[in-house]
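Undergrad: The residues making up each chain are set out below.
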Amino acid sequence: MRGKTMQEPAITDELIAAHGLKPEEYAEILRLLNRAPSFTELGIFSAMWNEHCSYKSSKKWLRTLPTDGPQVICGPGENAGVVDIGDGQAVVFKMESHNHPSYIEPYQGAATGVGGILRDVFTMGARPIAAMNALSFGEVDHPKTRQLVHGVVEGIGGYGNCFGVPTVGGEVRFHPAYNGNCLVNAFAAGLAEADKIFYSAASGVGMPVVYLGAKTGRDGVGGATMASAEFDEGIEEKRPTVQVGDPFTEKRLMEACLELMASGAVISIQDMGAAGLTCSAVEMGDKGGLGIRLDLDAVPQRETAMTAYEMMLSESQERMLMVLRPEKEAEARAIFEKWDLDFAIVGETIPEDRFLILHKGDCKADLPLSKLASSAPEYDRPWVETPPAPEMAEVPGIDPIDALKALIGSPNYAAKHWVYEQYDSQVMADTVRRPGLGAGIVRVHGTPKALAFTSDVTPRYVRANPVEGGRQAVAEAYRNLCAVGARPQAATDNLNFGNPEKPEIMGQFVGAIQGIGEACRALDMPIVSGNVSLYNETDGSPILPTPTIGAVGLLDSLDDLIGGAAAEGHLALLLGTTTGHLGQSALLAEVFHREDGDAPHVDLAAERAHGDFLRANRRLIAAATDLADGGLALAAFEMAEAGGVGLHLDAADTPTLFGEDQARYLIAATFDAAEALMVAAGKAGVPLVTVGRFGGQTVSFGGHVAPMAELSALFRGAFAEALG
Amino acid sequence: MKAAVLVFPGSNCDRDLAVAFRNAGAEVTMVWHKDDALPAGVDVVGIPGGFSFGDYLRCGAIAARSPITRAVIEHTHRGGYALGICNGFQVLTETGILPGALMRNAGLKFVCKPVDLTVETADSAFTAGYTGGQRITIPIAHHDGNYVADADLVARLRAEGRVAFTYCDNPNGSVADIAGILSENRRVLGLMPHPERAAEPAHGGTDGAALFRSLVGALALA
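Protein sequences appear in the order of chains D and R. Note that full-length UniProt numbering gives residue 169 to position 169 of the first sequence, counting from 1, and the numbers run on in steps of one. Note that full-length UniProt numbering gives residue 186 to position 186 of the second sequence, counting from 1, and the numbers run on in steps of one.
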């Protein structure tokens with residue numbers, strides 16, 4: 001084809017199917033255009049109408065989520081959510097999945113996942129200040145798992161460390177349901193001035209559309225469509241659809257964009273993420289009620305002889321599209337030259353409702369822009385309610401020390417140093433709390449304030465009972481923020497599910513959304529951004545439903561931080577009610593290899609009351625942690641281990657030690673503070689009991705004893721032993 | 001006391017270093033890598049951590065050939081002070097201002113964690129705030145911190161008291177546990193650990209603050 005314009009292929013049924021478009025969707029395209037689309041136009045439609053970009057299966061349900069509140073400056077629909085944190089400042093954050101690419105090519109898939117979420121944040125005018133990652137892998141001894149863990153963790157570190165954002169938290173879990181489909185959910189938060197947020201809506205006719213950043217290559221062509229398909233044996237063939245990241249370029253792109261924004265040259269801006277040039281240009285035009293003309297000859301290209309189709313669908317990384325104030329062009333160009341980045345005027349805004357793509361003197365696409373954006377199909381997929389979980393079978397007796405060893409010796413609950421020490425958690429020198437102990441905490445630079453970050457979900461619960469599981473994910477995030485003394489502000493959701501065309505999967509989705517919505521309303525934690533990842537199935541086998549909740553809390557002053565450690569002589573106090581719920585517990589899964597029973601019930605009023613109590617009495621509390629997987633025993637062990645002391649709990653029975661009742665915290669306090677807390681709890685009407693004490697060099701549950709040193713070695717060594 | 005902090009396109013600890021200098025009482029100017037001269041009257045040049053040019057080619061190799069780096073080399077030849085942290089240390093070895101080289105960590109992984117160091121000499125403007133043999137805790141965060149030098153060089157560094165810090169529990173395979181070294185005139189320090197990340201109580205440790213305090217104090221008197 002060299003030296004000649006490539007003839008565009010004819011549109012056939014096979015070509016339509018290969019673009020992930022259903023026959024009825026193609027019929028809708030014919031109806032909209034009153035003619036058959038060109039090859040390039042078909043590509044553009046497939047990019048805009050795939051699940052990843054259009055949310056066609058999920059939109060109906062996402063609308064039911066609470067997204068507003070006095071603290072919310074911008075909810076879902078832009079690149080990231082924006083929340084007021086006082087003093088004219090805002091935190092900008094979002095969580096997004098990069099599951100399919102990470103399974104195909106773990107290093108680059110994870111790296112570009114981090115790159116994409118960072119871009120979403122700085123596109124809005126915010127400098128990224130914190131990152132987290134929630135990772136779900138298949139079972140530990142599955143042949144693919146170790147390679148995926150190494151690749152994904154190195155990819156996250158390789159990108160975030162170089163870019164210069166501290167990674168302050170996250171999750172890592174293992175379960176056979178992820179054997180063929182790992183999850184990589186990347187979160188980023190940035191700091192901006194509340195009145196200097198940048199949006200994607202273009203305005204003004206005849207304004208230059210500017211292309212910024214790295215050059216366009218053939219990498220990632222069709223990536224968004226790939227991300228919306230199930231996997232099968234042909235997966236290796238999909239490797240070329242994964243993009244390649246360059247964090248050094250991203251760092252320069254961020255600095256240049258922030259400098260350009262400060263110069264007043266930017267009317268609107270949109271990063272090129274999934275389906276690159278197509279999605280970003282359509283989004284800017286549609287939100288501004290304008291048309292866009294692009295001249296692809298002006299697009300900076302890394303490869304020769306690229307077609308219009310390839311350029312419109314390329315997912316090359318580290319690129320931005322911007323509508324510029326024409327009088328500022330020279331200034332803008334100078335900023336990009338300073339940072340050695342490409343800067344090219346590739347088109348302009350036009351008054352007609354058209355998306356016009358010109359290349360080598362030909363018109364390659366001429367589409368009604370607003371319809372391209374707004375008439376993406378929307379489905380009310382059939383769904384069935386998840387049936388109630390059968391009653392839990394009897395739980396055999398077990399020595400509580402043996403049970404604890406089974407938990408802390410499992411990579412699911414062992415210390416994760418091996419993972420997070422590969423991430424720079426302290427760059428920017430504002431990290432107050434590194435990963436590994438609940439929420440990560442970062443100072444708001446130059447102020448007494450700090451932000452707390454957490455990401456949570458318990459997929460076993462969601463599968464057994466999507467509504468309770470959805471509630472629980474939000475409640476656990478809420479608790480992790482309260483446990484450090486922060487006021488929960490808002491959340492982002494990253495909803496990972498299987499194939500929505502199966503009614504039982506759609507039922508999981510609908511139930512989880514209901515639970516998330518209820519909890520977010522009750523706890524005043526609106527969802528301000530998010531992402532849906534469907535079709536997480538391989539050969540028809542779905543992942544556990546995994547709606548990851550990323551949440552942000554605010555500390556007005558570091559003086560409000562609950563960030564100490566348990567110490568010799570502290571009492572262990574349990575806030576909340578214990579009934580000993582063992583259904584779907586970590587104990588059942590890790591010790592008995594069973595996942596039966598119902599998820600624990602979440603009492604949202606109790607969650608709120610207990611969180612409020614903790615914050616109100618923070619000056620009496622040395623250390624606090626929420627109780628989640630593994631119940632009292634695991635939380636108390638982790639708290640003691642982190643403080644370098646031993647532990648005694650009075651209880652020795654399985655339900656008390658390992659039950660996973662919700663709305664509970666473990667508190668370490670001096671004897672005098674504990675007395676004062678008891679009085680305060682009485683007044684507040686919240687249940688608070690003494691369950692043991694910290695100190696010594698052993699861990700004992702009733703009369704069952706083991707040396708802390710031995711348990712600590714197991715806890716710290718198990719992850720690397722299994723996966724290092 | 002005037003400090004200049006270099007900014008390469010991929011520097012990401014430049015602000016952190018400037019904050020640490022300022023908190024210690026220095027007046028700080030940020031200097032862009034394409035500039036070819038340092039501001040007048042600069043006492044110390046700070047070369048910050050980060051990925052100056054994305055760690056392409058070799059860490060610090062491209063930065064060592066930047067216009068501003070020529071000015072830094074002249075500054076040190078005139079007896080000026082310089083402090084290179086992490087990527088800054090790599091830049092200093094790539095320029096030849098400090099001897100030896102920094103290779104990929106022996107464990108092949110990026111490592112970010114607090115480590116214990118021994119202060120090997122208090123005889124420099126950088127380390128005068130410590131006592132020789134003192135044990136301090138400072139975080140590291142690097143992929144290429146494995147200090148390499150031949151036996152003769154290690155012997156000479158030791159004999160001349162130019163090993164500034166050693167690791168108590170070697171995290172990266174560095175020869176002789178070396179974490180930081182001084183130039184012959186003791187006015188240039190390169191180290192892999194990040195003292196600017198252990199300089200305020202909120203960092204969870206303040207063992208790095210003495211380095212900035214003693215440097216700023218010494219140069220303010222000079």
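Hint data in this document are derived by calculation from the structure and do not stem from the laboratory. Some clues are possibly wrong.
Stated by the list, open to error - PhoX-like cross-link-like pairs, simulated, lysine-lysine; straight-line CA separation at most 25 angstroms:
1. D:K328 - D:K59
2. D:K59 - D:K196
3. R:K109 - D:K144
4. D:K215 - R:K113
5. D:K59 - D:K22
6. R:K109 - D:K416
7. R:K113 - D:K416
8. D:K59 - D:K371
9. D:K59 - D:K215
10. D:K338 - R:K113
11. D:K215 - D:K360
12. D:K328 - D:K287
13. D:K196 - D:K360
14. D:K144 - D:K416
15. D:K328 - R:K113
16. D:K196 - D:K449
17. D:K416 - D:K60
18. R:K2 - R:K34
Undergrad: Could you check the structure against the hints above and give me the numbers of any it violates, in ascending order?
TA: 1, 2, 4, 9, 10, 13, 15 and 17
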